[in-house]
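Please work from the sequences and hints to get the whole structure.
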Amino acid sequence: MSPAFAAARIIEIVQPVRSLGATEAEIIGIAPLDSATSGELSFLGNPKYRDEVARSRASVLLLPVDYPGTPPAGQLWLLLDNPSVGLTRLCRHLEQLLWPKPAPGVHPSAVVVAGARIAATAHVGPLCIVEAEAEIGEGTVLQAGVFVGARARVGQDCWLGAHTVLAQECVLGHRVRLQPGAVVGSDGYGYDTVKGRHEKIPQVGNVVVGNDVEIGANATIDRARFSHTTIGEGTKIDNLVQIGHNCVIGRHCLIVAQVGIAGSTSLGDYVVMAGQAGTAGHLKIGSFSKVGGRASIVRDLPPKSYVTGTYALPYLIEQKFQVLRPRIPELFKRVDRLEAQIGRAAPEKPSA
Amino acid sequence: MSPAFAAARIIEIVQPVRSLGATEAEIIGIAPLDSATSGELSFLGNPKYRDEVARSRASVLLLPVDYPGTPPAGQLWLLLDNPSVGLTRLCRHLEQLLWPKPAPGVHPSAVVVAGARIAATAHVGPLCIVEAEAEIGEGTVLQAGVFVGARARVGQDCWLGAHTVLAQECVLGHRVRLQPGAVVGSDGYGYDTVKGRHEKIPQVGNVVVGNDVEIGANATIDRARFSHTTIGEGTKIDNLVQIGHNCVIGRHCLIVAQVGIAGSTSLGDYVVMAGQAGTAGHLKIGSFSKVGGRASIVRDLPPKSYVTGTYALPYLIEQKFQVLRPRIPELFKRVDRLEAQIGRAAPEKPSA
Amino acid sequence: MSPAFAAARIIEIVQPVRSLGATEAEIIGIAPLDSATSGELSFLGNPKYRDEVARSRASVLLLPVDYPGTPPAGQLWLLLDNPSVGLTRLCRHLEQLLWPKPAPGVHPSAVVVAGARIAATAHVGPLCIVEAEAEIGEGTVLQAGVFVGARARVGQDCWLGAHTVLAQECVLGHRVRLQPGAVVGSDGYGYDTVKGRHEKIPQVGNVVVGNDVEIGANATIDRARFSHTTIGEGTKIDNLVQIGHNCVIGRHCLIVAQVGIAGSTSLGDYVVMAGQAGTAGHLKIGSFSKVGGRASIVRDLPPKSYVTGTYALPYLIEQKFQVLRPRIPELFKRVDRLEAQIGRAAPEKPSA
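Here the protein sequences come in this chain order: A, B and C. For the first sequence, counting from 1, position 82 maps to 82 in the numbering used here; every step adds exactly one. For the second sequence, counting from 1, position 239 maps to 1239 in the numbering used here; every step adds exactly one. For the third sequence, counting from 1, position 99 maps to 2099 in the numbering used here; every step adds exactly one.
Heads up, a few of these hints could be off.
Said to hold, decoys possible - Computed cross-link-like contacts, DSSO-like style, restricted to lysine-lysine with a CA-CA straight-line distance of at most 27 Å:
{"no.": "1", "chain 1": "B", "residue 1": "K1284", "chain 2": "C", "residue 2": "K2048"}
{"no.": "2", "chain 1": "B", "residue 1": "K1200", "chain 2": "A", "residue 2": "K195"}
{"no.": "3", "chain 1": "B", "residue 1": "K1200", "chain 2": "C", "residue 2": "K2101"}
{"no.": "4", "chain 1": "C", "residue 1": "K2333", "chain 2": "B", "residue 2": "K1320"}
{"no.": "5", "chain 1": "A", "residue 1": "K290", "chain 2": "C", "residue 2": "K2333"}
The hints are simulated quantities; they were obtained by calculation from the structure and are not laboratory data.
Okay, structure coming up:
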C-alpha cells in the first residue's frame, strides 16, 4: 500500500457506522493487529484475535460496532457491522490505484492469428497467443504470455493472468478470472485398454465456464470427452484444483485448494469443498452440501449434506470417531481384560 | 462437434455389429443419455445409466449387443460389443476433422537456438523455445509457448501442448503427449543439512520417457539426482501428478490425478494408482498392483496387491474397517457396560 | 554425465577419508548400486541398500568409512564419513561443466518494459517479460518465458526457471530458485458472500521470499490480502505445494510435494511437512515440528511436535492405532461374544 491516506479519506472510503478517537498519522499500510504500528491500519475480522486489539499499535482500527471501550490517544476506531467488509472497501480502492486497467490494444510482441476477433477495448499483453477464430470480448485483459486456442471464446471484462491456457473451443463467460498458470481445456483422462495397451479416447468436447467464475493458479479443468465440462456462474475455484472431464459444477460453489473432482461427477449449487478433499467419479453431490477438508467422497450425497473424513461420514459421527481414535489401543486392552475375566467363548452371533 | 453426419456415415464410422430402427436427423452433437435431444448421438457406456436409455431423446444410440427391445420411431440403435469403443471410433474421426495436424515448419515468432535440430516434418508453434542441441523428431508438434531445453530430445509424432516444459537433457520417446503446463525435468527435491542450512544436492540426471506416454496438465516429473527418472512405455499420467527424482515407473501404468510418488520409488508394469494416492520414497510397488483413491503406501507391495486406505491395507480389510468405523463410538459404550457389569480387572495380558 | 573422469580426478573432487583398490576405467556415469556397470560410479547413501554393495559392478563406489572388507579387482572404494556428501561434491562439479551460467544480457526476444531495471550481470532469456519498474539483481538468471510483474524485485544470483511467474510487487531475496511453472503472487482465495454471491476480496498485499529459498515446479504461493505472505530464509518448497495468503513460513523449513497450507497459518523455523500433508487456516505450527506424510493438522502445534495421521495425532499414538486398525473388525466380534456370555446391560455410565 504505497499511497498515503489521511484519516478523513479513510473514513470516506470505509464508511463506518461511527468512529471514536482520532489520529494525526497518515496511513501508509495495512497489517495484522499484532504487528501493525504507527501509520498502519488494522482490523478485527476473526474473534480469535480479539485479545490483540488492546495491545495493537495501529493508528486506525476497524472494529465491530459492539466492541466496548474507547481508543487510546492517537488511535482512531472505525466501528462497522462487519469490519471485514470495511477493509474490503479500502482494499478495492487501493487495488484501483495500484493496478489501473491496462489500456486497450494488442502488444506488438503478441501473436494474433488471422481470423481471431479481438474487441476494441480488450487488452492483449506481451507474448500472448490468440489462435484462429478465437474471440476476446470487450474490456477483457490477457495479462502476458496467455494462450487462447482456436475458436475459444472469452466474454467481457475477463482477466486471464500470466501463462494461463484456454484451449481450443473452450468458452469463458463474462468477468471470469484465471489466475496465473491455470489450464482450462486440457484433455480428459480416458483410455480404452485393448490387448494390454491403453488407447487414448479422443476428448472432443470442451469446457464452458459461467459468468463471474474465478479459477486458481495452476488449477486444471479438463475438456469433456464429448459435450461439455461445465463450471456454473459465480463458482470460485482455488489453486491446484483438478476437475475431471464431463464434470458439471453448479453455481456459486467454493472449491478450495488442491481439491480433486473425478470425471462425470456433478455438484449442485452452493456446494463447499474444503482443501484437499476429493470425490470419485460419476457421483452427484447435492446443492448446499459442505465437504470437510481432506474428505473423500465415494457415494452420492443428498442436498445439504455435511460430511468429512476418509470415506466421508456425516460430520458429527466423524468428529466422535476422531475423538475416540487415540483411545482405541486402550479399548483393545480393556476387551482383553474382560475376556480374561469371563473366559473367551466361541463365536455365537458374528457381527460383521 | 460442429460437422454434421448422416446416419449412414455414422454407421460406416462406428462399425456396429448390427443396427435397429432409423433416423432422418443429421447428427450434429454427442450428449449424455439424459440430456441428448434430436440431432444428437448418445451411448450406454456404464451400466449405471441403463435406466436412462428408454427415456433418451437422442436420434442415435450406441448400445451393447444384448440390449433388449426395439427403438421408438425416429431413433437409430447401433449395437456393439462395447459401445464405448464405437464412440471412440466416432470421436477419433471428429478429432481429425476438428484438429487437423498443423503444417510442418517453424513459426516466425519461435526462438530456435543455433544447433537445435528440428525434423523437416515437425511443427514448432508460436513463441516456442528450442535450446541448443535439442532435437525435435519427425511429425512432432510443439503447440505454442513450449520450452525445450538444451540437448533435450523429442521423438517422432509427439504432441507438446501449450506452455509445457521439457528441461535440458530430458528425453521423450515417440508419440508422447504432454498436456498444457506439464513440466518434465524440474530438479529433484534433495538437500544435505549442514550446520542448520539445507544445501542443495545437484540434480544432474534427467528424465527418460518411453513411447506412447501421456502426461497431464500441470503435472511435474523431477529429473534424477543422477542417472534417470524413468517413465515406461504406454504409461498414462493424469493432471497435477508429482513424480519424484529417480522414480522408475513401469510400462502401461495408470496414474490418476494428484497422485504423488516420492523419490526413488519404483512401480512395476500395469500398476494403477487412483486419484490423490501417494507413496513414500524408496518403495517397490509390484506389477499389476491396484492402489485405491487417496491410499497412502508406506511399505513395499508385492505384485498384484490391491490396497486402499491411509497406511494402505488390503482392500477387503480396509472396507470392513470403514463399514465399522461409524460404529466405534457405540463400541466404546458397549465395553463400558460390560466392565460395569463384571467389574474392571487389573491388566493381565496386554495386547499391544 | 557426458564428461569422462579418470579415477585420480574423481578422488580430487570427492575428497574421501581414504581409498581402497583401484580402477583403470574412465568414469562416464553415475548409477544406483544394482544397475551400475563398468565405467560408472555408485554409492551407499541409504543403509537399506547395504546388501547390494557386494554385488555391484560399478568401477567406483562411495562407501561409509566403517564399511568392512576390501574391493574386488578393478573396483575403487572411496570411504567417507557421509558418502552422500561425496556424491554431492561430484555432482556439483558436473553441474558446472554441464550447465555453465549463461552470459549476461537480455535476449532480443525478451520484452523488457521501460522503467524496469536489469542489473548488468543478469541474464534475461528468450521470451521473458519484465514489467515496469521491476528490478532484476546482479547475477540473476531468468531462464526462458519468465514473467516478472510490475514493481516486483528479484535479488542477486537467483534462478527463475522456464515459465515461472513472479507477480507484481512480489519480492525475492538472494539466491532464490524457482523451478519451472512455479507461481509466486497469485491472488489469495477470499470472498465475502453477499446476498448469495461470492464477492472477491481484493488481495493487495504481496509475497516476500527470503534468501536461499527454493520453490518447486508448478507450486503456488498466494499474495497476501494485505501486508505480506512470507517465506523465511533457507526454506525449501517442493513441487505442487500450495501456500495460502498471509501465511508466515519460518526459516529453514522443508515443505514436501503437494502439501497445502491454508491462509494465515504460520510455521516456525525448521518445520518439516512431509508429502501431501495439509493444515487448516489460522494455525500456529511451532518450530522444529515434524508433520508426517498426508497428515492433516487442524489445531495449533507446540514447538517440536511430531504428528501424523488424519486429524493429526502424536506420532506414537497414530502408529499404535494404525497397527490395531486392521484388527478392529475382530474387536467388534469379541465384544459381541462377551455380551452374549454375560448379557447386554442397560447403559450405566456412557463414555462418550
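Here is how each hint holds up against the structure:
no.	hint	result
1	K1284(B) - K2048(C)	holds, 13 Å
2	K1200(B) - K195(A)	violated, 45 Å
3	K1200(B) - K2101(C)	holds, 17 Å
4	K2333(C) - K1320(B)	holds, 12 Å
5	K290(A) - K2333(C)	violated, 34 Å
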